[in-house]
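A.B. asks: Numbering (our numbering), first residue to last: 116 to 263.
Check the hints yourself; a few may be wrong.
[Unchecked claim] Cross-link-like lysine-lysine pairs, in silico, DSS-like; alpha carbons within 30 Å at most:
| no. | residue 1 | residue 2 |
| --- | --- | --- |
| 1 | Lys243 | Lys233 |
| 2 | Lys233 | Lys163 |
| 3 | Lys184 | Lys134 |
Just so you know, the hints here were simulated from the structure itself, not pulled from any lab data. Fair warning: this is a prediction, and the values are worked out from it, not measured in the lab.
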Amino acid sequence: MSDLEMSPTLEQWITDHIKLYLENPEAAHNYDGLPTLLLIARGRTSGKRRPMPLIYGRAGNAYVIVASKGGAPKHPDWYENLVANPDCEIRVGATRLQARARIASADERAKLWPQMAKTYPPYDDYQKSAAPRQIPVVILDPTGPAPG
116 MSDLEMSPTL EQWITDHIKL YLENPEAAHN YDGLPTLLLI ARGRTSGKRR PMPLIYGRAG
176 NAYVIVASKG GAPKHPDWYE NLVANPDCEI RVGATRLQAR ARIASADERA KLWPQMAKTY
236 PPYDDYQKSA APRQIPVVIL DPTGPAPG
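Model the full assembly from the supplied sequences, consistent with the hints where possible.
C.D. replies: In structure tokens:
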């Protein structure tokens, strides 16, 4: 897995999806009929590059992801890692890109949330479960090709 390190707390199906993404990115890109990318963010405390497969949408040239954590009361680790270090890598199928993450503004979120909930309807239920936490929408703006 080169210099990537999976978090030891990941559920098995997530670990399996990461491995599939690394071995066969085109097969992993369409996972159970959902468009997924592989986010690689640097751990805010470990400094290690951590992969995480996520459902995504598009907004112009940018990629859009949702920090739902299944409706948990806390944000996912990958989100906290991006807040600490917004420079990341994304893999969309076989395409590898460097990107810079930013949290969607209120106006952007108002437009992007329905788009993402249409792609994955459980997001609306997750938001109800997460309340009062507002689930962030993250925009990944590509900055160039990823090395290697």
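A.B. asks: Now tell me, hint by hint, if it's right for this structure.
C.D. replies: We went through each hint and held it up to the structure:
With a C-alpha separation of about 16 Å, the suggested pairing of Lys243 with Lys233 holds against the 30 Å cut-off. For the given pair, Lys233 sits about 33 Å from Lys163 by alpha-carbon distance, which is inconsistent with the 30 Å threshold. Between the alpha carbons of Lys184 and Lys134 the distance comes to roughly 20 Å, so the proposed pair stays at or under 30 Å and holds.
The structure does not agree with numbered hint 2 stated previously, though it agrees with all others.
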